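Asks: Residue numbers (our numbering), protein chains in the order written: chain Z, 1 to 112; chain P, 113 to 611.
Derived by calculation from the structure, the hints in this document are not laboratory data. Since the structure is predicted, the reported quantities are computational estimates derived from the model, not experimental observations. There could be a bad hint or two in this list.
Claimed, not checked - Calculated Cβ distances over 10 Å to all of chain Z for the following chain P residues: (1) Arg146; (2) Val168; (3) Gly171; (4) Glu263; (5) Thr266; (6) Val270; (7) Ala283; (8) Ala285; (9) Leu289; (10) Ala319; (11) Ala397; (12) Leu498.
To be verified - Only part of the chain Z face toward chain P is listed, based on derived beta-carbon distances under 8 Å: (13) Pro28; (14) Lys31; (15) Val45; (16) Val49; (17) Pro64; (18) Thr70; (19) Thr93; (20) Thr97.
All C-beta atoms in this analysis are idealised placements derived from N, C-alpha and C, irrespective of residue type, glycine included.
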Amino acid sequence: MTPSVLAGLVGAALVGLGLYGLILHPHPLRKLLAFNLIGSGVFLVFGIVARRGAAVGFRFDPVPQAMVITGIVVAFAASALAVALILRLSAETSRVTLDPEAWTRRNGEDAE
Amino acid sequence: MADLGTTTPGGYLLVLAILLPLAGIILSFIPGGRSAERVALWSTPFGFALASAIAVDVGRAGKPVVYAIGGLPPPLGIALRADGIAAVMLIAAAVIVTAAALYARAKFATPEGVRESRSSLTFWIMLQAIWAALTIIFVGGDLFNLYVALELLTFAAVPLVCIDGRAETLAAALRYLLFALLGSICYLLGVALFYGAHGTLDMPLLAQRVQATPVVWTAAALMTAGLLAKTALFPVHLWLPPAHANAPAAASAVLSGLVVKGSFFLTLRLWFYVLPALPADRIAAVLGWLGSAAVIAGSILALRQARLKLLIAYSTVAQIGYLFLIFPLAAGSQPWSAIGWSAGLMQVLAHAFAKAAMFFSAGLLAEALGHDQIARLGGAARVLPLTFLTIALGGLSLMGLPPSGGFSAKWLMLQASIASGQWLWSLPILAGSLLAAGYVYRILAPALSDSQVSLELPPKRSHEAIALALTIVAIALGFAPQTFFDFLEIGRPVPAGLP
C-alpha cells in the first residue's frame, strides 16, 4: 500500500465519520466538530491531489496546497462563526437546540 | 473557445464591479457605523451603472467579456467572465440590493443624535458583502474561486438571519450555517477530484477535458449535492423557511430573491458550462423530479402556514423547484432546449423581483398591523391598499398569470416540455400554478373582506412604492422582447449539432 492510497483511505474514513456525526448528533457543537472532521478528510484528499505533479518531474503541485491553505482558513472562519452563534444561543436560552419549533411550542402559539 | 482566456476591451469593468462593494465594506468600517449606511446607499447607483455597462459590452460584442487576472490566462491564472446570463444577473442583483438598501433605511438608519447600533452596522456591511459575493459568483470562471465566493455568500447571509438576536432566529441561523457548511464541503471535495483528474479548474478548459469517467461523475455528484443543499431544493429545504421568515424584511428579500439564486447559478454553470458533453439525461431527470417534488410540497406547505412570512418563505421553496425543471427542459442542443433555457432564466428573474417585493410588503404589513397572522388580516386591504396591490401583483407573477414574468417563464417551460415530448413535466408546472393561486388567495381573500382592522402605525408611502416598483419589474419581464432571450444565449456553450 503506497502512502497515497493510505492517505486517501484515511481521508475517506474521516469524511465518512464526519458525515455520520453531522447527521446523527443532535447537539450543534458536536455537529460542528463533525464538520471539521469532514474538512480534515477533504484537505487530506487535496494533499494527495498535490502529488499529481510528481509525474511531470515536480516534487509537488503547489496549486492544491494553496487551495488547502485557503480551505483551512475558510473552515476556521466558518467554525468561529458557528461557535459564536452557539455561544450566543446558549446565553439567550438554557437549551441549545436547532429545533425551530422549540420556541413557538413553548408559547402555545406562533411566536411574533 | 480559445479566446475565453484573454482579456477583452471591457474586461476591467468586471474587476470594478467586484471591487466596488468590497471597497464599500472597508469604507464602512473606517469612519464608524454612522457612515456605513451612506456608503452602502451611495455605492448602489455606481454598481447599477457598472452592471449596465457590462451588459452593454456583452450585447455589443455578442460574446463574453473576459478579464484574465494579472494578465495570466488560465490554466496558469484565473479569468473572470461575464456572459449573457451573468450580465443579466448582475443587473438584477444591483436593482434588488438598491431596493433593499432604500427599504432598510427605516429600520437600520442611524441619524445624528441616535446611538450607533451593532445591528445596523452589521446589516449595511453584510448587505454589501452579499452583493460582492454574488458578483464574484456571477463572473467567476474558476471552480475554486467560486467555492470561496459561495462561502463568502454564506458568511454574509447567516448574520442577516439572526440580526435581531432572538433565540429562535439564532437557531434558524445556526441550522442554515450547518446545512451550508455541509454543502460547501461537498462542493470542495468535488473541486479536489476535478483538479486531481484534469489539472485545471477553469470552466471552459475543464469542459474540453472532461469525459464520462467515474471520477468526473463522483465530483459532479458531490458538487451538485452541495449546491442543492445551499439552494434549498426540496429534501434539503428544511433550513430555508425559518431562516428567511425570521430575518428582517429587507434581509429576507435579498436572501430569498438573490442568495439562493447564487448557488443555483453555479449548478447551472456546472451542468451547462463545465459538463455539457456528459450524457446526463438521467441526472437531469432526477433534478427535474426533485424540482417537481419541491413545487408540489412547497406549495402545499405554504397553504398550511399561519404566518404570512412563513407562507412566502415556503413559496420560495416551491418556486425554486421550478428552476430545476430547466435541467431536463434545456438539455442538449435541440431547438426546444433554447426555449427551456429562456424559461429557466426568466423564472430566476421573475421570482427574484416578485419575491423581494412580497417580503417587503410582508414587512410593511407586519409593522403596520403589529402581527403577520393570516387569520387576522381581515379587512387589511382597506387600510393598506398599496401593500396589498403589491402582494396581488407579485402573486400574479408567482401563479403565472399573464402578463407577467412568471407567466412567460411557465409558458415557455410548458412549450419546451411539449416540444421535447417530455410532457410529464407540464403536470408539476400546472399543479404548482394552481396551488400558488391557492396560497395567494389565502392572503387576499380575508384582506379584501368587510371586517374592520386598526393600524398601529401607518406605513411610509416611499416604502410601499419601492415594493410596488419591484413587482412592476416582475410584471414588465412578461413583455421582454426576443432580443432579451437572444442576449441570454450569449456565451452559452451549445454541444455540437446545432447550426
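Asks: Next step is simple, just say for each hint if it's right about the structure.
Replies: Structure-based check of each hint:
no.: 1; hint: Arg146; verdict: holds, 25 Å
no.: 2; hint: Val168; verdict: holds, 34 Å
no.: 3; hint: Gly171; verdict: holds, 35 Å
no.: 4; hint: Glu263; verdict: violated, 5 Å
no.: 5; hint: Thr266; verdict: violated, 8 Å
no.: 6; hint: Val270; verdict: violated, 7 Å
no.: 7; hint: Ala283; verdict: violated, 6 Å
no.: 8; hint: Ala285; verdict: violated, 6 Å
no.: 9; hint: Leu289; verdict: violated, 6 Å
no.: 10; hint: Ala319; verdict: holds, 19 Å
no.: 11; hint: Ala397; verdict: holds, 26 Å
no.: 12; hint: Leu498; verdict: holds, 24 Å
no.: 13; hint: Pro28; verdict: holds, 6 Å
no.: 14; hint: Lys31; verdict: holds, 6 Å
no.: 15; hint: Val45; verdict: holds, 5 Å
no.: 16; hint: Val49; verdict: holds, 4 Å
no.: 17; hint: Pro64; verdict: holds, 6 Å
no.: 18; hint: Thr70; verdict: holds, 6 Å
no.: 19; hint: Thr93; verdict: holds, 5 Å
no.: 20; hint: Thr97; verdict: holds, 7 Å
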